[in-house]
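Novice: Here the protein sequences line up with chains P and E, keeping their order. Reminder that position 32 of the first sequence reads as 51 in our numbering, one-by-one numbering, no gaps. Reminder that position 543 of the second sequence reads as 548 in our numbering, one-by-one numbering, no gaps.
A few of these clues could be false.
Said to hold, decoys possible - Using 35 Å as the maximum straight-line C-alpha spacing, the simulated DSBU-like pairs for lysine-lysine come out as follows:
#1 P:Lys92 with E:Lys506
#2 P:Lys92 with E:Lys600
#3 E:Lys577 with P:Lys31
#4 E:Lys506 with P:Lys91
#5 E:Lys580 with P:Lys31
#6 E:Lys321 with P:Lys63
As the list claims (entries may be wrong) - Label pairs and their computed distance ranges (CB to CB):
#7 E:Gly248 with P:Tyr88: 20 to 26 Å
#8 E:Asp157 with P:Gln99: 41 to 47 Å
#9 E:Val14 with P:Lys91: 44 to 50 Å
#10 P:Gln99 with E:Phe522: 42 to 48 Å
No lab work stands behind these hints: they were computed from the structure. Here a beta-carbon is modelled for each residue, glycine too, at the ideal position from N, C-alpha and C.
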Amino acid sequence: MKEDKGSHAYWKATLGLLTKILIIWFVVSFGAGILFADMLNNIKLGGYPLGFWFAHQGSIYIFIALIFYYAKKMGDIDRQFDVHED
Amino acid sequence: MDLQTTIYVVVGLSFALYIGIAIWARAGSTSEFYAAGGSVHPITNGMATAADWMSAASFISMAGLIANMGYGGGLFLMGWTGGYVLLAMLLAPYLRKFGKFTVPQFIGDRFYSKTASTIAVICLLTASTTYIIGQMTGVGVAFSRFLNVSSDTGIYIGQAIVFLYAVFGGMKGITYTQVAQYIVLIFAYTIPAVFISLQLTGNFLPQLGLGGTFSGTDMSLLAKLDQVVTDLGFGKYTTTTAGSTLNMFVYTMSLMIGTAGLPHVIMRFFTVPSVKDARSSAGWALIFIAILYTTAPAVAAMAKLNLHATVNTAVKAGGDLYATEASIKGDARPEWMKRWEKTGLLKWEDKNGDGRIQYYNDKTKNEAAKGKAEAAGWKGNELTVNADIIVMANPEIALLPNWVIALVAAGGLAAALSTAAGLLMAISSAVSHDLVKGVFNPNISEKNELLAGKIAMAVAIVISGYLGLNPPGFAAGTVALAFGIAASSLFPAIMMGIFSKKMNKEGAMAGMLAGLFVTLFYVFAHKGIFFIKGTEFLGLIGGANPFFGITPEAFGAIGALVNFAVAFLVDKFTKEPPEHIQHMVEAVRIPRGSKMVHGAH
């Protein structure tokens, strides 16, 4: 029974991390890059209108950061629940 | 050395490299053939995945598409990269833990059904075969434009090269050639971009140059581009969306989940040693992809502005774009324009007979631009530019040396060949492993399965070459179909297999079929049944883009929603999956106990 509880908590922690990352993933691409792009275009990042920057550059950089953040945090969760590979 | 010889030498050297790797990396076991022995370093796999993923279309056509679409082109950039976040978190590590060779095998085992695995094989074969036609034609195009041989000869040469390393090396040979191909294509793409960025903005990083100042003026490059194109009657570069905002939203989503669901990309993650490596490898893949994908929008905007500045001197000097003297004289047009006119990709037609080149949007709805053009005596746009020019002629426009032009030729071929090889691998493993071993002859020996894999690969090369030589009229629409199928059938099925312990075989199969059917129905309504001209049935569904104005290319996400909805509905009314399947799902969810990938059922 103890093991079942452990795997349940592990999966809960995993889903929590996924939710957090998917929210950021959604906000930078669909939010800043599409839905609110017009509004953000009033702000300038150097010569870039900000909404345009998110659609053509920024979201991609943030995607990379998200995957590495995920890989690191998942590693931490694996160890915390003692299910990591050796 | 003249240009033609230089191109032959550079392309020849790149081919010699691929063949050398093929000889070195021969596959001796099914594990090496299907999964490169499961021992590929995550960074190496990231690089191979990037080449696997970036096709002839990414390399040759994407920047041109973005140049034409402006801001709306961002849907390709976000869609084709955002999918890797989904792949890294939702699919890759779990499929790696599952530890088998193919995507249909996961679906068949998880949903305890040969039928489910066969449906997955059909989806995979349709998606990959349609996708590969585009790669083969891409090989032909690159050969005919750069090497002065016919596109048919080009395809034969391309087939022979792929045959050498894919048939003998399997996934192992493909992996290491893809690494070499990535290096060739990324240099080919970025070197001209660095030079054009330096020329236009003084900044050598295209990603920063795009946000920089247009040299010789006090305006930012994008503001200048916006001003020039709107003045000439085109849409404003930084704000023009692709259709409605809703369409852009759904289109981006479809490309993202389609990317995550494409089997030839997923199976690259079976080659790394551990679950941990599968996670980080996706990040590395995206870094290598992003080098090209963040450069592409810079190439797009810069080449576009450069082209306008080449034919209209007022772009750089300021002043009236419609002044007679501003448009350059046709006789004085640069050499590279004359060269590309011969290929038919660039056309100048002196409609008003003034001997000058007027390049503007003659179908504009912008009254101011229309009035100015009429007042200036312009009688229609005189310059037709094929989108592919943006990348292929870039080095010539920027007056770069011959070896850079040769490198671009080799890069285009590398992009097409690497993607074709990945697709061939997905096709042959589905045939030899999921059909021959999985369905027809489960007791086949490893040696014979390996042989079956090689034969399947050889047959697939012949068929794809044939389709490349005789593209069945529908080649243009097919990439949309591949993404639509991956998004609407494969992605949801795999995801539910991992994230829903209770999803049963009835639900998964009904979902896959429903998603596939809805997507095909919508695509075929616009483009004809199996893309046969004259069989469109738009009347039946109420005109073009009847579903909230969503275009057929963007429909995969809707198909995926249908898939999920049908699957959960059917699942509710049918019985739970057996106990041991639920245990299997639990085991897939944790990394511990991951083994080398193997083929046993």
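Novice: None of the hints should be skipped; say for each whether it holds.
Specialist: Here's how the hints hold up against the structure:
Restraint check for Lys92 of chain P and Lys506 of chain E: satisfied, since their Cα atoms lie roughly 24 Å apart, inside the 35 Å limit. For a cut-off of 35 Å, the pair hint linking Lys92 of chain P to Lys600 of chain E stands: about 22 Å separates their Cα positions. At most 35 Å may separate the alpha-carbon atoms for a hinted pair to count; Lys577 of chain E and Lys31 of chain P meet this at roughly 23 Å. As the CA atoms of Lys506 of chain E and Lys91 of chain P are separated by approximately 26 Å, the hinted pair is consistent with the 35 Å bound.
Using a Cα cut-off of 35 Å, the hinted pair Lys580 of chain E and Lys31 of chain P holds, with the two alpha carbons roughly 25 Å apart. Between Lys321 of chain E and Lys63 of chain P the alpha-carbon distance is near 23 Å, which keeps this suggested pair within the 35 Å criterion. Our hint of 20 to 26 Å for Gly248 of chain E and Tyr88 of chain P is violated, since their Cβ atoms are close to 33 Å apart. Checked against the hint of 41 to 47 Å, the pair Asp157 of chain E and Gln99 of chain P fails, with Cβ atoms roughly 60 Å apart.
Our hint of 44 to 50 Å for Val14 of chain E and Lys91 of chain P holds, since their Cβ atoms are close to 45 Å apart. Between Gln99 of chain P and Phe522 of chain E the CB atoms are about 44 Å apart, so this pair conforms to the stated range of 42 to 48 Å.
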